[in-house]
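There are 2 protein chains.
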Amino acid sequence: MSHYQKLVQHAQKIANFNHLAAISGWDQAAVMPNGGNEARSKAMAELSVLIHQLNTEPQLSDWFHEAEQESLSPIEKSSLREMKQRWQQATILPKDLVEAKSLAGSKCEHAWRTQRKQNDWNGYAQNWQEVVNLSQQEAQIRADSLGTTPYDAMLALYEPGTSSQSLDVVFENVKTWLPNLVDRVIEKQDKESVIYPKGTFARSQQKALGLKAMQFLQFDFNHGRLDESVHPFCGGVPTDVRITTRYDENDLMQSLMGTIHETGHARYEQGLPTSLAGLPVGEARSMGIHESQSLFFEMQLGRSPEFINHLSAMARAEFQAEDQPAFSADNFRKLYTRVEKGFIRVDADELTYPAHVILRYEIERDLMNGNISYKDVPELWDQKMQSYLGLSTKDNYQNGCMQDIHWTDGKRILISNSQPNENKGKRLKKHNYRGGCMQDIHWCDGSFGYFPSYTLGAMYAAQFMAAMKKTVDVDGALRNGDLTPIFTWLSDNIWSKGSLLTTDELVKQATGEILNPAYFKQHLKERYL
Amino acid sequence: MSHYQKLVQHAQKIANFNHLAAISGWDQAAVMPNGGNEARSKAMAELSVLIHQLNTEPQLSDWFHEAEQESLSPIEKSSLREMKQRWQQATILPKDLVEAKSLAGSKCEHAWRTQRKQNDWNGYAQNWQEVVNLSQQEAQIRADSLGTTPYDAMLALYEPGTSSQSLDVVFENVKTWLPNLVDRVIEKQDKESVIYPKGTFARSQQKALGLKAMQFLQFDFNHGRLDESVHPFCGGVPTDVRITTRYDENDLMQSLMGTIHETGHARYEQGLPTSLAGLPVGEARSMGIHESQSLFFEMQLGRSPEFINHLSAMARAEFQAEDQPAFSADNFRKLYTRVEKGFIRVDADELTYPAHVILRYEIERDLMNGNISYKDVPELWDQKMQSYLGLSTKDNYQNGCMQDIHWTDGKRILISNSQPNENKGKRLKKHNYRGGCMQDIHWCDGSFGYFPSYTLGAMYAAQFMAAMKKTVDVDGALRNGDLTPIFTWLSDNIWSKGSLLTTDELVKQATGEILNPAYFKQHLKERYL
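Protein chains in written order, with this note's numbering: chain A, 46 to 574; chain B, 46 to 574.
Source of the hints: derived by calculation from the structure; they are not laboratory data. Hints are not guaranteed to be accurate.
Which copy is meant is left open, because identical chains are indistinguishable; a pair holds if it fits in one copy or across any two.
Here are the simulated DSS-like cross-link-like pairs (lysine-lysine), alpha carbons at most 30 Å apart as the crow flies [said to hold, decoys possible]:
1) Lys152 - Lys58
2) Lys220 - Lys152
3) Lys140 - Lys51
4) Lys140 - Lys58
5) Lys429 - Lys379
6) Lys162 - Lys236
7) Lys257 - Lys162
Sequences are here, hints too, so could you generate the full structure?
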């Protein structure tokens, strides 16, 4: 057996255990009774330790060395590259640092739960200082290995191949037009009237409606499920993708669009190449590309006028609301494109969202590169919020730099974090990208480098749509209600590629060019102006 | 760290992985979409291999040797005994034999699915011959180690401490009165009229009713759930017990009593000593004792007139059937105690069930001890069915010795059987006793020695009830609807003991004597005559 083959077998073994981690994590979040949590956490921590051991077995070093001398096909070369990258990320950090960071992160997060309510920046900063310090050490070690800046080394955990140099260019561009665009749109929307559907919308009916939307989006129910959890996420494995939503019986709109978003993640997973199952090269490309798929579904498709026509018709039928103005397609469209400036990122709309991300990107970049201190963060936050969204967070830490809630606050987490594990916040989060929607990665536990993925996803989605429209009659497909041509394009160009290509290669092959924020700008202007 | 402590840590590690196996197994049976099965089976097989490796690590031999020299408390001594027994059972068989038996079992079972429909004994016998042969080899190896007969060595996998010598005495006794009793009861019931509830009983209402019954039986919903599966079972872990049922919208009665049966298994699991969690000594005592708890709930409590009063009231309320004679307590009682002679064990009622078990016991005992050949089975089956139930299975193999369906026939199994693993059908089935209800252990894959557990359970249950009544006002508790005193007795005498005592010790401490079938006979006569 060649060394490459040995590595393949080893990766498939790890994938089997990751499968069980994903299902146990879904169970913990979606169906496990509270009393089961302690024993479950222990069991999942045991599995984490095992997976870590497998990822860092000593013989792997030799195997990679030997495999690189072997004669490999192009696919095998890509596969080896992805396996090696995962291995390097798993082995590069000293165990002490991993453990210290894990402890500091847990301590910081635990106290933050109380401190945030009390707006207690000073208390928070005492713990957070250590998290930042240890994260800087991590970033430096990774940077030395990769030959990049410290921040870029962290970024590579989520967006391999993307540099802050290119992000700077992209985000600086966005900053030149976004604040003004937001103001113009809000001014325009001030004159519009919207009607919020009122009443009680039974969970069972909301669920039925969500399932209809998923069917419309060709979710494969033979390889996945819809369930409920406190914080919606997409989990499971490609052959069995578990998406969740939550229902607010007073709010029809939120859960429905949340389900559509998760369906985008799910179809990417379901569409990954089965011939590469169990190998890193068969997994989703990156956090940003994963988010591009959920946002393609939610923003590009889900909020398009044609799609909203279908959605409003489904909702009218489900709730027998044919004659209610709140359920009209026009009102649905207004509701789903309503723009508002706010403090909280996770509540932000499509248009203001990039401002939240760029703010965080700039701060975490400078923090990791040692250009600013943790002490500077609240003031910078306030300045940037004022500059990008015209809101002040002075002395308002809880809605400023302390806001970023771990969506998994409380007992339910998808990935066990209770064991020292350098995968924490890194490859496992890639592997469980699907966990990305659940775990709002934040600075509290030192997960620096993740935030750009959200806006990269939105931009890629817009670029994919523009490229798709060159060969696919998207509006026609949406109008006649058979989205197959759209999904064929996504499957051919994105899903079936797994991680065979780098992100830049993937985007270039699909659209003819690498990331270009002009498509995003164009999309926003067309939709909102 | 003492060697005993090392063994404890090792056992807890295995328990963590068993936890994940149990939850993944539940998921596979209860919620997994079909398309997820192949990857899941692989992942679970990987986990089986790992658990097997852990159970048979070479250093354990030394550790057991050393630990036996250490100064241990009585509880630790029991714990060591149980750990050692598990280890011995896991290591005793040569790997070749385990693999050969697993292959032969799979082959036999696979072909049986077709052969049973075709009543093809000759085809079946060709494969089964090998299963019997390999099982005899297994029994001999185990017997040599334990110093017992081959059959008793197999029995020890499910009912440690029980010998065929004592079973012979017990079952011979039953045979002297059961056939006659069955005839008398059928004659008596012929004169009664019963009304089968007719109509469509919505799943949601059946589920609500089942949940009410579970609440009445004080199932701890903080440590467990009720779900649906094709074949009802009790799975999960003691801190998170998953029971399942299935609903037939044309049949109200079956699912309800099935839920009560599984609730008995579940409360045993939920009541196991938390201080011994993760150790073999903290697990359920045996298959027979586990079945005694489900049958205590189903037969001793569930079919008692007082309980049926509550049940019929709950059903009347749920289905708004106050005035329907089919829903009267008297009719419910008649329905739930209806006796009928039939070919199929899993469909048998309380009274005829032991006949099915004794027949199988006698055949498997003689088969394992080499006193009969596999070829003799159909004729013996026919003879014994005629003798015990007055039914002939001559040339009717599919309802005779080929009947024993794997309840997991089809894609959904609780425990992955796809890997050679000497735990298969043995300790895993103890650990996942809860799997016992799902997997109708049968001869097709060489699981000889399991059948007596069913009737032992029924007998223990009757004996426990008789003992309980000496100190607990069972009828009063049932009448006033607070069953706490009943559960306190079960918890004190059975559940909280885990595997600290041997079965005989457990039963003697609880009831003042070891197994005595007189209580079972008395119970049946009182209920049915």
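Within, between, both or neither: Lys140, Lys51 at alpha-carbon 30 Å: For Lys140 and Lys51, both the intra-copy (26 Å) and inter-copy (24 Å) Cα distances are at most 30 Å.
Tell me, please, which holds for Lys162 and Lys236 at an alpha-carbon limit of 30 Å: within, between, both or neither? This pair counts as neither: shortest intra-copy Cα distance 36 Å, inter-copy 73 Å.
Cα distance capped at 30 Å. Does Lys152 pair with Lys58 within a copy, between copies, both, or neither? between (33 Å within a copy, 26 Å between copies)
How would you classify Lys140 and Lys58 at a CA-CA limit of 30 Å: within, between, both, or neither? Classified as both; 23 Å inside a copy, 21 Å across copies.
Intra- versus inter-copy proximity for Lys162 and Lys257 (alpha-carbon distance at most 30 Å): Neither: 39 Å inside a chain and 40 Å across chains, both beyond 30 Å.
Within, between, both or neither, where Lys429 and Lys379 count as close if Cα-Cα is 30 Å or less: within (29 Å within a copy, 77 Å between copies)
How would you classify Lys220 and Lys152 at a CA-CA limit of 30 Å: within, between, both, or neither? Neither way: Lys220 and Lys152 sit 35 Å apart in one copy and 67 Å across, limit 30 Å.
When each numbered hint is compared with the structure, violations occur for hints 2, 6, 7.
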